[in-house]
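Number of protein chains: 4
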Amino acid sequence: MTNTQVTLFQIDNYGPWTVTPEPRREADLQTLQSRLYADLSQFIGARDGYVFFTRFDNMIAVTNGLDREDHALIQESVGNRYPVTLSLGVATGTTPVQALSDATSLIQNAGSAQDEHRREILEGRTIDDAHRTDGDVQIAHFDVIDATGQYTDELNAFDSFIEIEQGYAALMRHMRRAHGSLSFFVGGDNVIVVCPDLERADYLEAIEHVESAVDVTMQVGVGTGASAHDAGYAAKHALEHCRANGTRVEF
Amino acid sequence: MTNTQVTLFQIDNYGPWTVTPEPRREADLQTLQSRLYADLSQFIGARDGYVFFTRFDNMIAVTNGLDREDHALIQESVGNRYPVTLSLGVATGTTPVQALSDATSLIQNAGSAQDEHRREILEGRTIDDAHRTDGDVQIAHFDVIDATGQYTDELNAFDSFIEIEQGYAALMRHMRRAHGSLSFFVGGDNVIVVCPDLERADYLEAIEHVESAVDVTMQVGVGTGASAHDAGYAAKHALEHCRANGTRVEF
Amino acid sequence: MTNTQVTLFQIDNYGPWTVTPEPRREADLQTLQSRLYADLSQFIGARDGYVFFTRFDNMIAVTNGLDREDHALIQESVGNRYPVTLSLGVATGTTPVQALSDATSLIQNAGSAQDEHRREILEGRTIDDAHRTDGDVQIAHFDVIDATGQYTDELNAFDSFIEIEQGYAALMRHMRRAHGSLSFFVGGDNVIVVCPDLERADYLEAIEHVESAVDVTMQVGVGTGASAHDAGYAAKHALEHCRANGTRVEF
Amino acid sequence: MTNTQVTLFQIDNYGPWTVTPEPRREADLQTLQSRLYADLSQFIGARDGYVFFTRFDNMIAVTNGLDREDHALIQESVGNRYPVTLSLGVATGTTPVQALSDATSLIQNAGSAQDEHRREILEGRTIDDAHRTDGDVQIAHFDVIDATGQYTDELNAFDSFIEIEQGYAALMRHMRRAHGSLSFFVGGDNVIVVCPDLERADYLEAIEHVESAVDVTMQVGVGTGASAHDAGYAAKHALEHCRANGTRVEF
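Residue numbers (the working numbering), protein chains in the order written: chain A, 29 to 279; chain B, 29 to 279; chain C, 29 to 279; chain D, 29 to 279.
Treat the hints with care, as some may be off.
Here are the simulated distance ranges between beta carbons [said to hold, decoys possible]: (1) B:Ala158 - A:Gln178: 51 to 61 Å; (2) A:Arg153 - B:Asp157: 55 to 65 Å; (3) A:Arg228 - B:Val47: 16 to 26 Å; (4) A:Pro49 - B:Asn273: 47 to 57 Å.
Here are some chain A residues pointing at chain D (derived, C-beta under 10 Å) [to be verified]: (5) Met29; (6) Asp56; (7) Arg63; (8) Tyr110; (9) Arg201; (10) His202; (11) Asp258.
None of these hints come from the bench; they were simulated from the model. These numbers were taken from a predicted model, which means no experiment stands behind them. Every residue gets a Cβ at the ideal spot worked out from N, C-alpha and C, and that includes glycine.
With these hints in hand, go ahead and build the complete structure from the sequences.
Shown next as structure tokens:
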């Protein structure tokens, strides 16, 4: 039974900061956003979590294995090294989207994303080590079958990108509506989805949905573990089996 | 008359590298991808260009102002500091997608993205300083009206994200089909579109299309310049006028 | 009684790599070295350790609080994200230099720093959590009294630098010879020294030695703790007392 | 005839910032300092300059090839992405230390390094492109002969480091006093010295001085060029000739 711990990271007062006193150079904003995300990825990844860039000013993470002290530490470290600060909300739920919903509310209740007085909120509960199990996290790693042959080596790079975005958008809406799952594009032709306990039939259905909706053909490797890394690494291996065996869904 | 110079950056043999000899930790791949993108953003941005993370293993840039030596330098610098290398194709065209198409072909003709022998291609032509004009680049900076009030402070962070992705996907397809433009989500609720010479009516139409297609309400600031930074910075200022005046399109 | 756990990080085959097939751009080497160090500082610092840039191709850390798995993880992460790899040796000792000596031997026994076949050594023992105490690490944080008034605002920046280097070199040799301590310049006018159990008299003597040897006047805050961060943070606070009270040594 | 353009970068009000409201985690300060330096190295290096970390809160660069706009741009970019700001002074001189001296004065005249009201000074003159020559910069790249065999593979890592620091300190003082040169340790066993027009005899004398003063044996490659990169890259090649031929000084 999954028990996903989800953390929402939200940059405090970012919109106003980007245009005060004047709009800032776009290339600098892109650099700051990407490097902040990369730092979170290293910190959270080293504790076997996964964080996704999402909207960059709002980033979603699966943080099974991180306790409240860990959250306080990364918040402090960012405050020491960046010109912006982060607010954090963390919660668990029966489905990933339920956990995220509660995490979001914790921050929203403390104040607007553009409330200049709301800074460095840290609210929520993490799972005690004693209550963690190997079934807490289920990760599904999707990719497009032979994206290189079908798109990258054939179409111009933007039309390849449109195809992959279509596949992502269709998968993301389906998995959210049908299963309360959170889907994230992670580069290339890869989408990582954080799921509750789903079965082979659920994944086959998702793949068929995407294929008929937007004509993008995907395969998926699924893994389960006590942490996002454990589940996700198992999912990567399962995906290699899809590639080797020509199958669509592997656990 | 726009004359967009577009560069495609493609990591050589990336797919195989990520799983050889074993799949690599996802958090490390995310960190590498984001920091590589951030480095390109600094290098290109300092020369008044814009680069967009796109698929991370394929990144698209507007490089008016960068010459062939500049391209060779960033390629060399990445090769010195990362465990991967980049191939680059650069071209100009009557529309941004035409330029990108030619840039893509230059790399595709040299070999597959997963051809282990294809490394550090550098092909294409840049615009001579003597032929550059203040009308070379048109940038449109879209954002969602009151995203903070409508989404960020109201919905859970993933449902906010879904709304913004819908708006992006609809805008991206429309601008590509109708105008040969390239659209990129750049964080928050912002989409930057690289356009040929478009008019107020074209932008109003695009906004109406997105609103009726996915019920997401956008506004846009448009700028023109000799470089992406010049055009984009003017677009940011125009967008501030939209916010101040409550208008939908500002030049 | 101190029980310092010291880790030596050594880049494998770095000298040859920097000149093969041709010498690499110096600015790129500096960037790679500094960012690799920064990554180690984040990883180790998040576990309450301290790492010092030292020679950049050889970096020394106080790693009380990091176990063998932690060492393996940072080694793997670097291998995934850099064009070089690290070998690590970790040991504990009655004095910091004894621990470092053993840590160094562990790597040296496995092969030369320029042996192209020696890669990613990981040898040594870390302290079990059960055996850690609050007296394990003693850190002394020295700085030059009124460096800003005496040097930075008065001399040219290189002559200021020479004065501070003189102070560092004198302190470093004295603390090594007299107390088996390891001293590291950490920027500004600050030197952090990793010590065994020393007393006020030892520190007063060190300060007098530096003053008479090179006419550089220092003060010091000393702290003790189970980790480098615990000890070092207490030392920083003690140094603030020196500044406030005009004293030379504070615990 | 050398005409070195030197820029001093000084972080504004850094000392107070590091302890307000409380002392900040040392590992975070080290990370910030190193990454700020790395960013300067990329920006300056891409324009064929060299920057040296020096004291980290004060960094010295050879900036032949960078104009005032370039200086303004890196200052702005840092202000957009870091929690601190930089003041810059740039000057040229008959010797490197003379240029640095003038650059330092430009900043000092505007206010103390710890004056909380002094922010983002930008003062000085750069060399017009029309006045640049291939003899503007002379760089000498020293290293310790067989440091790996003599030190790295034999002594513990701190005693190796002490030996190299001794060599550096002796060389640095000699080259400053005798030739108005600026010397910087750049990692490993390497020291890069920025010189006026010196001859073989000057370098042989410097090497003899270091050998008799501290018993550290060095060799040197010397290069000249219009920029630090041109001169420094030639110096690296010359140093390879020392290694290949067993000579002490090569041009």
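- Task: List in ascending order the numbers of the hints, as given earlier, that are violated by the structure.
- Result: 1, 4, 5, 9, 10 and 11
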